[in-house]
Amino acid sequence: MPSTEQARRVNDDVVPVAVSEAQPVKAEETGAEPEAAFTDDVKSEPALPPLSAHEYRQYNKLAARMDMFHEHFRQTWTMLYQAASSGRRPAGMSLRQYIDQGLQFLSQLTLHHGIEEQHVFPVLARRMPEFQSGGKGKGKGEGKRRAAELLRQHGEIHKGMDAMEDYLRRCRCGEADFESAVMKAQMDTWGAVLWKHLDQEVETLRPENMRRYWSLEELKHIPM
Numbered sequence: 001m002p003s004t005e006q007a008r009r010v011n012d013d014v015v016p017v018a019v020s021e022a023q024p025v026k027a028e029e030t031g032a033e034p035e036a037a038f039t040d041d042v043k044s045e046p047a048l049p050p051l052s053a054h055e056y057r058q059y060n061k062l063a064a065r066m067d068m069f070h071e072h073f074r075q076t077w078t079m080l081y082q083a084a085s086s087g088r089r090p091a092g093m094s095l096r097q098y099i100d101q102g103l104q105f106l107s108q109l110t111l112h113h114g115i116e117e118q119h120v121f122p123v124l125a126r127r128m129p130e131f132q133s134g135g136k137g138k139g140k141g142e143g144k145r146r147a148a149e150l151l152r153q154h155g156e157i158h159k160g161m162d163a164m165e166d167y168l169r170r171c172r173c174g175e176a177d178f179e180s181a182v183m184k185a186q187m188d189t190w191g192a193v194l195w196k197h198l199d200q201e202v203e204t205l206r207p208e209n210m211r212r213y214w215s216l217e218e219l220k221h222i223p224m
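Counting in the UniProt record's numbering, the sequence shown runs from 1 upward without gaps.
FYI, nobody ran anything at the bench for these hints, they're computed from the structure. Think of the CB as a built atom: it goes at the ideal place given N, C-alpha and C, for glycine as much as any other residue. Watch out, some of these pointers could steer you wrong.
[Stated by the list, open to error] Quick list of the computed label-pair ranges, beta carbon to beta carbon: (1) 96 x 47: 53 to 59 Å; (2) 221 x 72: 22 to 28 Å; (3) 126 x 185: 38 to 44 Å.
Using the sequences provided together with the hints, build the complete structure.
Right under this line is the structure:
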């Protein structure tokens, strides 16, 4: 059996370079296909009265908080993807640190989805078809058609996450040599659905949609 010193070393094929301060990320910079914005088909529903500025802020709280979490995932994904695409890591980041960043990203995303599925989605699903696994409910039009799409996206995302985690762990312990091209290929398998999900989930929680199902008082009791 080879000694620890003889174990296969991780091939540090990524050259550190300086990066600028993180900015809000665009999908086309990450390998994900840009997704067209979607709206609810409410033509058959009566028009709702305009919201006051205060009401809009209250109805937008869930979307704003969700987008805050999602922006963290967008920024981390972009750093990982740009390094994998160019073969250059952020300045001062070792290959081991890069791999650990990838594993931490996957762990945090898993935790985020777990909280959503256990505590947030079940409450929203009481009225909103977008969160109902069986597609049942009082939703109409696009809301009805998109029933359970967010949950299906979770499943697709985690297939890619599992494969990427396996690769990074094998690189971390020396069972496999790290290759930027392999890392990029791993991320390409689920990047598009991840970015679609990060945007679509937030849009579903925007005031224009939430007010169709919840009063301002009821929103206070939705966990987030």
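Exercise. Which of the listed hints are broken here?
Worked result: Structure breaks no hint.
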